[in-house]
Amino acid sequence: MTRLPVPDSGDLRGRYPEVFDRPVSSRLALPAMLLGAFGIFAFGLVELEFSPARMLAGLNQLGWITMMMIPPDPGSSLPAYLVALGETLSIALLGTTLAAVLALPISLLAAKNIVPSNIFRFPVRRFLDSIRGVDTLIWALVWINVVGLGPFAGVLAIAVSDFGAFGKLFSEAIEGADRKQVEGIRASGGNALHEIRFGLMPQVLPVIAGQVLYFIESNTRSATIIGIVGAGGIGLQLAEQIRVLEWQKVSFLILMILVAVAAIDWISGKLRFAIIGKRAVA
Amino acid sequence: MTSAVSILPDQQLAQLNDAYRKAVARKRLRMTLATAVFFAALVIAAIGAEVHPVTFVNKIGNFVSYFDRIATLESGARVWSDIGEWFWGWRKWLALLGETILISYVGTLAGAILAFALNFLAAENTSPAPWLRFAIRRLMEFCRTVPDIVFALIFVIAFGLGPMAGVLAIMIHSVGALGKLYSEIVENIDMKPVEGVRSTGASWISCIRFAVVPQVAAGFASYTLLRFEINVRGASVMGFVGAGGIGQELVVAVRKFFYSDVSAILLMIIVTVFLIDIGTGWARGRLFGKEARA
Numbered sequence: 001m002t003r004l005p006v007p008d009s010g011d012l013r014g015r016y017p018e019v020f021d022r023p024v025s026s027r028l029a030l031p032a033m034l035l036g037a038f039g040i041f042a043f044g045l046v047e048l049e050f051s052p053a054r055m056l057a058g059l060n061q062l063g064w065i066t067m068m069m070i071p072p073d074p075g076s077s078l079p080a081y082l083v084a085l086g087e088t089l090s091i092a093l094l095g096t097t098l099a100a101v102l103a104l105p106i107s108l109l110a111a112k113n114i115v116p117s118n119i120f121r122f123p124v125r126r127f128l129d130s131i132r133g134v135d136t137l138i139w140a141l142v143w144i145n146v147v148g149l150g151p152f153a154g155v156l157a158i159a160v161s162d163f164g165a166f167g168k169l170f171s172e173a174i175e176g177a178d179r180k181q182v183e184g185i186r187a188s189g190g191n192a193l194h195e196i197r198f199g200l201m202p203q204v205l206p207v208i209a210g211q212v213l214y215f216i217e218s219n220t221r222s223a224t225i226i227g228i229v230g231a232g233g234i235g236l237q238l239a240e241q242i243r244v245l246e247w248q249k250v251s252f253l254i255l256m257i258l259v260a261v262a263a264i265d266w267i268s269g270k271l272r273f274a275i276i277g278k279r280a281v282a
Numbered sequence: 283m284t285s286a287v288s289i290l291p292d293q294q295l296a297q298l299n300d301a302y303r304k305a306v307a308r309k310r311l312r313m314t315l316a317t318a319v320f321f322a323a324l325v326i327a328a329i330g331a332e333v334h335p336v337t338f339v340n341k342i343g344n345f346v347s348y349f350d351r352i353a354t355l356e357s358g359a360r361v362w363s364d365i366g367e368w369f370w371g372w373r374k375w376l377a378l379l380g381e382t383i384l385i386s387y388v389g390t391l392a393g394a395i396l397a398f399a400l401n402f403l404a405a406e407n408t409s410p411a412p413w414l415r416f417a418i419r420r421l422m423e424f425c426r427t428v429p430d431i432v433f434a435l436i437f438v439i440a441f442g443l444g445p446m447a448g449v450l451a452i453m454i455h456s457v458g459a460l461g462k463l464y465s466e467i468v469e470n471i472d473m474k475p476v477e478g479v480r481s482t483g484a485s486w487i488s489c490i491r492f493a494v495v496p497q498v499a500a501g502f503a504s505y506t507l508l509r510f511e512i513n514v515r516g517a518s519v520m521g522f523v524g525a526g527g528i529g530q531e532l533v534v535a536v537r538k539f540f541y542s543d544v545s546a547i548l549l550m551i552i553v554t555v556f557l558i559d560i561g562t563g564w565a566r567g568r569l570f571g572k573e574a575r576a
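Heads up: the protein sequence lines correspond to chains D and Y, in order. Residues 1 to 282 (the working numbering) make up the first sequence, in order. Residues 283 to 576 (the working numbering) make up the second sequence, in order.
Keep in mind the hints are simulated off the structure, nothing from the lab. Every residue, glycine too, gets a C-beta built ideally from N, C-alpha and C. It is possible that part of the hints are untrue.
To be verified - Taking beta-carbon pairs under 7 Å as the criterion, some of the chain D residues facing chain Y (in silico):
| # | residue |
| --- | --- |
| 1 | L48 |
| 2 | I131 |
| 3 | G133 |
| 4 | I264 |
Claimed, not checked - Distance condition first, Cα-Cα at most 20 Å in a straight line; then the derived DMTMM-like pairs of lysine to aspartate or glutamate:
| # | chain 1 | residue 1 | chain 2 | residue 2 |
| --- | --- | --- | --- | --- |
| 5 | Y | K374 | D | E49 |
| 6 | Y | K374 | D | E47 |
| 7 | D | K168 | Y | E511 |
| 8 | D | K270 | D | E217 |
| 9 | Y | K462 | D | D265 |
| 10 | Y | K538 | Y | E367 |
| 11 | D | K168 | Y | D559 |
| 12 | D | K112 | D | E172 |
| 13 | Y | K462 | D | E217 |
What the hints assert, rightly or not - Taking CB as the label site, the calculated pair distances span:
| # | chain 1 | residue 1 | chain 2 | residue 2 | range |
| --- | --- | --- | --- | --- | --- |
| 14 | Y | V346 | D | V101 | 17 to 25 Å |
| 15 | Y | R480 | D | R126 | 46 to 54 Å |
| 16 | D | R126 | Y | R568 | 22 to 30 Å |
| 17 | D | D129 | Y | G358 | 25 to 33 Å |
| 18 | D | L78 | Y | V336 | 30 to 38 Å |
| 19 | Y | T482 | D | L245 | 51 to 59 Å |
| 20 | D | P206 | Y | P335 | 49 to 57 Å |
| 21 | Y | G358 | D | G176 | 42 to 50 Å |
| 22 | D | R27 | Y | D350 | 55 to 63 Å |
| 23 | D | L102 | Y | R480 | 51 to 59 Å |
| 24 | D | L78 | Y | K538 | 35 to 43 Å |
| 25 | D | P202 | Y | I365 | 46 to 54 Å |
| 26 | D | R27 | Y | A503 | 12 to 20 Å |
Full structure from sequences and hints, please.
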């Protein structure tokens with residue numbers, strides 16, 4: 001076996017100073033950042049009262065809970081759970097639709113190519129941002145105060161919090177639309193309404209439909225939790241069963257949620273595929 | 283003004299129009315059917331969700347007046363007329379907000395570390411064995427499909443009330459969400475450096491360390507920052523179930539009708555989320571900016 005000639009390291013160092021002799025500041029940047037990140041992490045562990053003893057006791061307890069969850073068993077309340085699941089799906093569907101309907105006009109106001117003036121657009125955008133900054137659960141709490149406990153509060157909570165998200169996403173879709181088709185309609189003698197109907201809408205609608213479907217999917221997840229504060233659906237049952245420590249029912253409910261979410265994922269995936277077409281998905 | 287548009291003979295025009303109508307009719311029929319199904323689903327959903335338009339119309343005034351009430355101090359004056367009175371508990375709330383951010387920070391970082399360790403086993407091109415990949419993928423799916431607040435509910439019972447349950451819940455959820463995103467980045471890398479490193483006789487770990495990690499580090503960091511942003515929102519409601527942070531204070535204020543407190547805490551949460559959004563957005567811009575220049 002022949003040894004490869006080892007290049008003279010001094011020569012290499014001279015030729016590539018930017019690799020071998022990086023300034024101290026850039027060499028220390030990464031370790032310093034990591035050290036800082038882990039410093040805060042350690043501080044957080046102490047501040048949030050983590051201790052090995054608590055951790056061990058908790059894991060032990062968690063082990064017990066998991067043991068008691070098996071096998072999942074709804075007891076005699078299966079019909080009630082199915083109704084609750086239906087309620088959850090209804091909340092997701094209605095809330096998302098309501099949000100989409102409300103967000104469409106607002107999103108026109110937030111789109112740069114429709115409202116060029118910054119003075120009008122800026123407050124609309126900030127308004128949408130602050131709606132999005134509040135979690136769905138908080139909206140649910142507020143709506144419960146208004147329309148009372150029950151799934152209707154959940155619908156409104158999802159509608160409001162998605163309204164913020166949709167406003168932003170729709171306005172981006174509108175801004176991304178191609179101007180040429182609008183100009184084409186105008187060139188053939190169409191008026192402003194024709195431009196929006198035949199130039200803008202065919203471009204924007206599939207994108208919007210795809211986003212709405214995606215949100216119905218993700219709202220199925222959100223709708224499962226708003227029941228925790230009393231806004232209806234399967235979350236209400238889940239929170240109750242956890243509080244009374246009926247672990248077999250808890251695991252059954254979690255399984256139901258997983259199956260429902262997977263089913264909705266599958267359906268909306270198919271639908272999105274049908275609406276947007278193969279090209280956009282790939 | 284002369285017009286240069288040529289008009290086709292009637293017969294030809296009729297033929298073209300016919301073909302056009304046929305093509306459109308089929309599309310319209312499908313569209314109408316889809317709309318009908320959608321509306322039927324909406325009606326069923328409305329019955330299922332106990333939607334009462336009458337209640338809504340009767341109570342919508344409550345919604346508007348709710349915002350009026352949370353903008354009013356106990357003395358009846360508007361909140362902004364006496365900032366000191368409005369934010370009377372700012373010391374306590376600021377500390378709790380700090381705790382909220384810390385919960386999401388520790389949860390995100392711990393989740394990111396675990397996801398980092400697991401994702402190479404779940405990515406198609408770096409996974410050592412198909413069965414391992416399958417198992418890890420299902421585990422991640424489970425972690426991200428169960429909402430973090432459900433984990434928090436269970437952990438509060440196992441680990442006791444307090445921020446620890448919140449951190450662990452956020453951690454578990456982040457492992458699922460980040461693990462998926464990480465492994466997608468890994469699946470999109472250029473495999474040539476990996477082959478290069480492997481051809482020198484390097485072990486699996488060395489391949490990952492010297493060929494994969496340098497390609498994916500910026501993408502990982504960017505997704506982690508995004509997750510942190512999402513988790514701050516999530517941590518703000520952890521207190522609803524007793525898992526620490528500002529949520530506890532908020533839920534008490536809402537349930538006991540301390541109106542001006544509700545608006546003060548909400549405002550603080552919104553501003554915090556806003557600042558975190560801007561901060562992480564800036565950091566991500568810098569990370570990706572660096573990538574684009576290289």
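Here is how each hint holds up against the structure:
no., hint, verdict
1, L48, "holds, 4 Å"
2, I131, "violated, 9 Å"
3, G133, "holds, 4 Å"
4, I264, "violated, 11 Å"
5, Y:K374 to D:E49, "holds, 18 Å"
6, Y:K374 to D:E47, "holds, 15 Å"
7, D:K168 to Y:E511, "holds, 17 Å"
8, D:K270 to D:E217, "holds, 12 Å"
9, Y:K462 to D:D265, "holds, 16 Å"
10, Y:K538 to Y:E367, "holds, 18 Å"
11, D:K168 to Y:D559, "holds, 15 Å"
12, D:K112 to D:E172, "holds, 9 Å"
13, Y:K462 to D:E217, "holds, 17 Å"
14, Y:V346 to D:V101: 17 to 25 Å, "holds, 20 Å"
15, Y:R480 to D:R126: 46 to 54 Å, "holds, 52 Å"
16, D:R126 to Y:R568: 22 to 30 Å, "holds, 24 Å"
17, D:D129 to Y:G358: 25 to 33 Å, "holds, 31 Å"
18, D:L78 to Y:V336: 30 to 38 Å, "holds, 33 Å"
19, Y:T482 to D:L245: 51 to 59 Å, "holds, 57 Å"
20, D:P206 to Y:P335: 49 to 57 Å, "violated, 31 Å"
21, Y:G358 to D:G176: 42 to 50 Å, "holds, 49 Å"
22, D:R27 to Y:D350: 55 to 63 Å, "holds, 59 Å"
23, D:L102 to Y:R480: 51 to 59 Å, "holds, 55 Å"
24, D:L78 to Y:K538: 35 to 43 Å, "holds, 37 Å"
25, D:P202 to Y:I365: 46 to 54 Å, "holds, 51 Å"
26, D:R27 to Y:A503: 12 to 20 Å, "holds, 19 Å"
Going down the numbered hints, you'll see the structure goes against 2, 4 and 20, while the others check out.
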